[in-house]
Amino acid sequence: MPKPIISVEHLRKTYGHVVAVDDLSFQVQEGEIFGLLGPNGAGKTTSVECIQALRHPDGGEVRVLGLDPRTQSGELRRLIGSQLQQSALPDRMRVWEALDLFAAFAPRKVDWRALMSAWGLDTLAGRAFGNLSGGQRQRLLIALALVNQPKVVFLDEMTTGLDPAARRATWDLIREVRDRGCTIVLVTHFMEEAERLCDRLAIVDRGRIVATDTPQGLISAEPAGVRVLFSATVKDLDFLKKVDQVGQVRREGDRVEVEGSGPVLALVATELVKHGIVPNDLRVERPTLEDVFLRLTGHSMRD
Amino acid sequence: MRQLAKLTWVEIKLFARDPLTMVFSLAFPVFVLIIMAGVFGNTPDPEGKVWAGVGPMDYLVPGFCGLSIAAIGFIALPIHLALYRERGVLRRLRSSSVSQLALLLSQLCVSALLAVIGAAAIVILGMAFNGAHAPVSPAGFAAAFVMTVVCFVALGVLLGAVLPNVQAAQAAGLALFFVSEMTSGVGPPREVLPEAMQQFARGLPLTHAAVALQDPWIGRGVNFTELAIVAGITVAAAVLAFRFFRWE
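Just so you know, the sequences run in chain order A and G.
Read left to right, the first sequence gives residues 1 to 303 (my numbering).
Read left to right, the second sequence gives residues 1001 to 1248 (my numbering).
No lab work stands behind these hints, which were simulated from the structure alone.
We put the beta carbon where it would ideally sit given N, CA and C, even for glycine.
Hints may contain errors.
[To be verified] Residues of chain A clear of chain G, computed beta-carbon distances all greater than 10 Å:
#1 Ala104
#2 Arg113
#3 Ser117
#4 Thr160
#5 Lys235
[Unchecked claim] Covered stretches of chain A (in silico footprint by chain G; criterion: 3 or more residues with CB under 8 Å from a CB of chain G, positions within the stretch not fixed):
#6 74-80
#7 87-97
The following block holds chain A by itself, in its conformation from the complex (with noise of 0.2 Å):
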């Protein structure tokens, strides 16, 4: 495996008597989008800000890009880019300057009017940020993290304040800049977001990495597995046990669920054809990152 480019070990921030950050170990590769997925209050803002220099942790060892964010936190905002919770821009300043002021702060010359409209904001060049709806603030804080071509940037809930539409949009341009070289680091509570678009994803529970993996590696983990789901009015389904990968079919009246693993919808599919069932409703659903938090930490994200 290559050298991580972010690598965190026992990251730990206490308030005061509260531990916002327990024990906090993981690996960030060069050109990967990595997510911390958790509930608020997991603690996942507060590491990322550790990382960024923002915050002084009280323990555990941080390097990014080589960098301890502790003693070199110049040099490394330099090299990164931020798009933070709870930041924002003075009512008055319009949307050009300040992607030329931030552009001014990269340590080469960026031509951030590329920028501007690879992000759909040149049509709002003008208006100030006071006038500017949350989902127009948000995608020009994003295109603020990616003005100095950072080698890594940190998003933290940035698709908060966005319609379905903007967030699928944000997410195909998420993927752009990684496909240019980019490491991206994304915070998120949203399940969708997390399993569309991250690469790998450790998900974070009180103060602690529960697990890591790819989204589809955490997903298939998941023992509950696939759940087949149609209805029939046929009475015998027993021909249905014996389909490979079926474990237990329930029906309850003519709704009939059969739980099963792997390529399950096919087989049950073809069996029931082959049986002269064809019902329009047939339709699966797998096992969600929802049910894998649920399983790991044992109680549920919006808990």
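For this one, chain A is given, so just place chain G on it according to the hints.
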């Protein structure tokens, strides 16, 4: 350097777009001077007891330059910084490797520009329309002016750093400003204040800055004692401001 220049230029533009701050820090001293001019004119007290023996306008014009600087340092700057911190603007700037020195120097540059504009308005109003005389020692006045600007910027940054939020900055800033205006010899002349109030006013930076500004203007020469006091306040405030400055 590039950071500082860009930041300063953007801050100037933002200030120009904010009419409320502009009115308070630049226009308010001008309005009060117009009232003072209407009430007192520029005829010296026949007994020579008040207005330091010179015409009220000659006494007030340099003092009001100080008052205008105090409005920037006591009101505009602390509120500005507290608001930036509360809103997360400072957080945003910090994470883009803006240094504390660049940020604070940009505030000094913007404040200095505002102070010059404010002083120009006061001097023009006083000399062209209300009979104030030109300064006897322009260089002495300029030196005191520069010192006063740096002093009040340091005080403003310190206030912005130690006051917890915008409301506190507003309350403390307005209180300091109006108490200074009434007792520092930039409104009612120093001589008419009761002894106790004069004693109290000696604890206010504007009292010393006002004398340092007035003396070279009205022909009493450069007041090195008062200049030294202002410089001392500046150093202390700057050290504390740098020490206690918080990004969030």
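Status of the hints after comparison with the structure:
Remark: the non-interface label on Ala104 of chain A conflicts with the geometry, its nearest Cβ contact in chain G lying 4 Å away (cut-off 10 Å). Under the 10 Å C-beta cut-off, the non-interface status given to Arg113 of chain A relative to chain G holds; the minimum distance is some 16 Å. With a closest Cβ-Cβ approach of about 21 Å to chain G, Ser117 of chain A is found to remain outside the 10 Å limit, as its non-interface label requires. Against the 10 Å criterion, Thr160 of chain A stays outside the reach of chain G, whose nearest CB is about 14 Å from its own CB.
The claim that Lys235 of chain A lies off the interface holds: its Cβ sits roughly 64 Å from the closest Cβ of chain G, which is beyond the 10 Å cut-off. For a cut-off of 8 Å, the count of residues in the stretch 74-80 of chain A with a CB near a CB of chain G stands at 3, and the three-residue condition holds. Against chain G, the stretch 87-97 of chain A contributes 7 residues with a C-beta closer than 8 Å to a partner C-beta. That satisfies the three-residue criterion, and the hint holds.
The structure does not agree with numbered hint 1 stated previously, though it agrees with all others.
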